[in-house]
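Residue strings, one per chain:
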Amino acid sequence: MAGVACVEQILKHAAKFDITVFGEETHVNYNRILLSSVLAGEKVADDIVLNSLGWYEKHQIQLRLGVRITEIDPTSKTVTGDDGSVAFFDKLLLATGSVPLIPPMEGTRKDGVFVFRNLDDTRALLDRAGKGVKAVVIGGGLLGLEAARGLQVQGCDVTVVHLMDALMERQLDLTGGGYLKSKMECLGVKVLLERSTAAILGNGKVEGIAFKDGSSIEADLVVVAAGIRPNVELARKAELQVNRGVVVNDFMETSKPDIFAVGECVEHNGTCYGLLAPLLEQGKILAATITGNKGPRFEGFVPAAKLKIMGVDVFSAGDFSDKTPGTDVVRYEDAALGIYKKLTLRDGKLSGAILVGDTADSHRYMDWLRTKEDLTSHRRQLLFPAPSEDLGLDVAAMPDTKIVCGCVGVTKGAIIEAIHGKGVNTLAQLKECTRASTGCGSCTEHCQQLLKAVVPEFQEESERILCKCLSYSEEKLRDIVRGQRIFSVQQVLDIYGNGLGCEICKPALSYMMDVVWCGDHDEDRSARYINDRVHANIQKDGTFSVVPRMRGGVTSAKELRRIADVADKYKVPMVKVTGSQRIDLLGVKKADLPKIWADLGMPSGQAYTKGVRMVKTCVGTDFCRFGVQDSTKAGIELERRLEHLFTPAKVKMGAVGCPRNCAEATVKDIGFVGQEGTWQVVVGGAAGKKVRKADLLITVESSEEALQAATLFFQYYRENANYLERTYDFIERIGIEKVRRETVYAPLAVQQGLRERLRKSKRFARDAWLEGDEPRHPTQFVQIEPIEKVLQ
Amino acid sequence: MSQSESFVKRWVRTACIESIPLREGRAVQIAGHDIAVFNLGNRFLAVENRCPHRGGPLADGIVSGGNVVCPLHAWKVDLASGEVTNQPAPPQCVKTFPVRVENGVISLEIAVAASTSTDYHADCLASISQGPYLGKSASHEV
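So the sequences go chain by chain: A and B. Number 1317 marks the last residue of the first sequence (my numbering); no jumps. Number 154 marks the last residue of the second sequence (my numbering); no jumps.
FYI, nobody ran anything at the bench for these hints, they're computed from the structure. Be aware that one or more of the hints could be misleading.
[As the list claims (entries may be wrong)] Derived pair list, reagent style SDA-like, types lysine to any residue, alpha-carbon separation capped at 20 Å:
#, chain 1, residue 1, chain 2, residue 2
1, A, K1314, B, A125
2, A, K1114, B, R62
3, A, K1314, B, G116
4, A, K1314, B, R112
5, A, K956, A, G1202
6, A, K1314, B, E121
7, A, K1065, B, A39
8, A, K1314, B, A86
9, A, K1065, B, H65
10, B, K88, A, D571
11, A, K1314, B, H45
12, A, K1314, B, E30
13, B, K88, A, I1029
14, A, K1065, B, A86
15, A, K1065, B, R62
16, A, K1314, B, R66
17, A, K1314, B, E60
18, A, K1314, B, N115
19, A, K1314, B, A126
20, B, K88, A, L1025
21, A, K1114, B, R66
22, A, K1314, B, A39
23, A, K1314, B, S127
[As the list claims (entries may be wrong)] Going by beta-carbon spacing under 7 Å, a handful of chain B positions derived as facing chain A:
#, residue
24, T26
25, I42
26, V81
27, P83
[What the hints assert, rightly or not] Pair ranges (Cβ atoms, derived):
#, chain 1, residue 1, chain 2, residue 2, range
28, A, F909, B, A126, 44 to 54 Å
29, B, G116, A, F1012, 24 to 34 Å
30, B, R55, A, E1189, 49 to 59 Å
Each residue gets a CB set at the ideal place from its N, CA and C atoms; glycine is no exception.
Isolated chain A, as found in the complex:
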């Protein structure tokens, strides 16, 4: 990364070099920082490529991948590759990076022991990882924790083993480490502290690991992530000055003329850097030096680290030790929300920062550390800056020299220049043009704000966040839930939100759990509306309404008699025929619900929930003189196939046997319209707050084909609509052409996927009214009787 970043800078100086890049790996250069995202399945290998083959061609750079340089001869100015090739150089740039540190222990060569350093390691881990695989990560630092989370997302049962008494002890204090530990445990990663590994057990293949204290644990897979050391073998062989890393001066020159070095392999003023920002800065300095513009000096960097695990925000920078005399400590803790912040100040200046659980201010602290600004006047707002209401003002207040992207070192001025000078007006263009926000990605928000404030016609990427409890769009949340394997509403709120939730996000997340896991999730009734806790519709006086399912609107004398008996027995104040061809019993007391359901002996009509309401039908061919299709039978079958399932918003359906449309199928969410010899399947109709004629999805010949088309659309809507978004709004947002392309005209595999997930959901779906006999909780339907009766 550092080497090619330097080459990019060299090209900016427009110097005429014949450049050859040798790389031991067989891939073009990629963003190593994001390997953990690849392991966690958030990104694929192609997403993290930094410079494509096309880029190398365009700049006439010879790329020699899969060739390891084995020897440098500084006198004859040649390098020799492991393929025997010899190349001459005028200037040589070393960017050999680092290699994993393997602590002394037995058995590290066994099958199933991995390091986590490059794309090949990542691929090998992805190959082995899977549901139920017991994985042990040795090392509780940044890399170890990221590897652990990645493996756990892949389904592994993960334990992190750490030598010290706190995780990330080089970046955090004991308290911060404690917060981090509980966050990791909250995600489901086990953490063992103060364990020193003696040996990896197993006969040829990993079976477990043994600790020096005599205990042991089982393992199918071991990742050694105990740290890295600069890769200096080549430099040492060439007799360059080497301490821990290859020694360079402020101009990035090594001890031999015409040989330079950048990146993780170098040591500058006794410090080796492993983070992106200093490495890129080194590249800039070297580019100046090597192209004859020697002058800029590398002045060292404040060490900083950021953990890249979604939902586990950790940032650390500078010297956060509070033991040094003269250190002021400013601290904030909220154990319930898992937030810990600690700043250290010396002589009125920030000297270190630790942020766990909320890293939104990390940029501000990094700036203060860099600029060594006197903070005396800010002492009351160190942890919580006065919020700026006007976005424009906030951005305006930023000086042009302020670094927005710390990884790549892009200033506000550079971004504004790109916007005005190069016509940049989207985030993607900004990334392309300035490389801002292509490193760790944490400045994305700042870049967006700048674009919004400066670009006249800036259009925000159409993401609407669910509510203030979680700052993600529903689409993003679905990805999180699926990708991070989260099965309960409270877990999403604890890890990705404010831990509390509200009446907006809780039901939305409840639905999301249900649809993402096809009903196989941890159901939490406290996150549901009362209607979905007691399976009836709450009325203005706190009573409930009961609507039994009558498929297709067809009933019988027996059913009607039972309904009438129930109305009498429970003194139901109103019995009403609904617009949906159902019968509604209104004014029922909560405690009577289970008894009424039992007496009715009919399934729930789901009239109280965001779910499959009904299919309204006409009498079709059975009795009607005009009917040309058997709409009653088709409607009943449609209802049977979808009943008891939940949907983003209510789904009302209709089936009509001829275009006269007696059951109003063309204003339903899903409708069947019978024609001579065909069915039209229509979707996205409405006759509520909005009136909308449904769009034609497809015309088919048989009832079975119509049912298949309807179910494909139904599942597609379930998976892609936002909560409370009716089909008519969904279709207007997505566009009917795209809906057709992704359902009825989708490749077979896509259709099978939709069907399979619908089948699974159907397997887990059941008539909610069965809970009348088997309540989830003894007081689900009853009012509590006080233990102590107060007699009056």
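On the provided structure of chain A, position chain B as indicated by the hints.
Just chain B now, with coordinates in the frame of chain A:
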């Protein structure tokens, strides 16, 4: 209760903690008061079970942190103070009742007529020890 009677505040043993699931509320009637009792995980709180807006049953609302959201029109009530928190002025609030938990039993402090006597509701106590749902219901944090 007649107007002329004097009232005293006293603790009334109300329910076992298991009877209210985590982050849910339940309604209870004591001495003419309609009360909603909530399980917030680390504590129990009780308020009048009647939203100041249109009288909605707060016990049936969704809990959001230390608030409950009325199921009828989403008025939000702070369970500790009883104040409505998401409506414009004038300030409105519901009555709150002090709660105490001892040996797994929730007691509420309630104003009752001085002349009243009490009796134990045996069924509930029995259901603690031998109820059909013991061990089957979701976990309860207290």
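(message) Please check whether F909/A and A126/B have a Cβ separation lying inside 44 to 54 Å.
(response) holds (51 Å)
(message) What's the verdict on K1065/A and A86/B, does the C-alpha distance respect the 20 Å limit or exceed it?
(response) With Cα atoms ~13 Å apart, K1065/A and A86/B stay inside 20 Å; holds.
(request) Compare the distance between the alpha carbons of K1114/A and R66/B with 20 Å, and conclude whether the hinted pair is satisfied. (result) At roughly 18 Å apart (the allowed maximum being 20 Å), R66/B and K1114/A satisfy the hint.
(message) Can you confirm whether the C-alpha distance between K1065/A and A39/B stays at or below 20 Å?
(response) Holds - the C-alpha atoms of A39/B and K1065/A are around 17 Å apart, at most 20 Å.
(message) For K1314/A and A39/B, compute the direct alpha-carbon distance and say whether it is at most 20 Å.
(response) holds (15 Å)
(message) Tell me if the beta carbons of G116/B and F1012/A are separated by a distance inside 24 to 34 Å.
(response) Since G116/B and F1012/A have Cβ atoms about 29 Å apart, the given range 24 to 34 Å holds.
(request) Could you grab the alpha-carbon distance between K1314/A and E121/B and see if it respects the 20 Å cut-off? (result) holds (14 Å)
(message) Checking hints one by one. Is T26/B an interface residue toward chain A, by the C-beta closer than 7 Å rule?
(response) Holds, about 5 Å.
(message) Check whether the Cα positions of K1065/A and R62/B lie no farther apart than 20 Å.
(response) Cα-Cα ~12 Å, so holds.
(request) Would you check the hint for K1314/A and A86/B, treating anything up to 20 Å between C-alpha atoms as holding? (result) Violated, at about 33 Å.
(message) K1314/A and R112/B were given as a pair; does the straight-line alpha-carbon distance stay at or below 20 Å?
(response) holds (17 Å)
(message) Check the hint pairing K1314/A with S127/B against an upper bound of 20 Å on the C-alpha distance.
(response) With a Cα-Cα distance of about 14 Å, the restraint between K1314/A and S127/B holds, given a limit of 20 Å.
Comparing the model with each numbered hint stated earlier shows that hints 5, 8, 10 and 16 do not hold.
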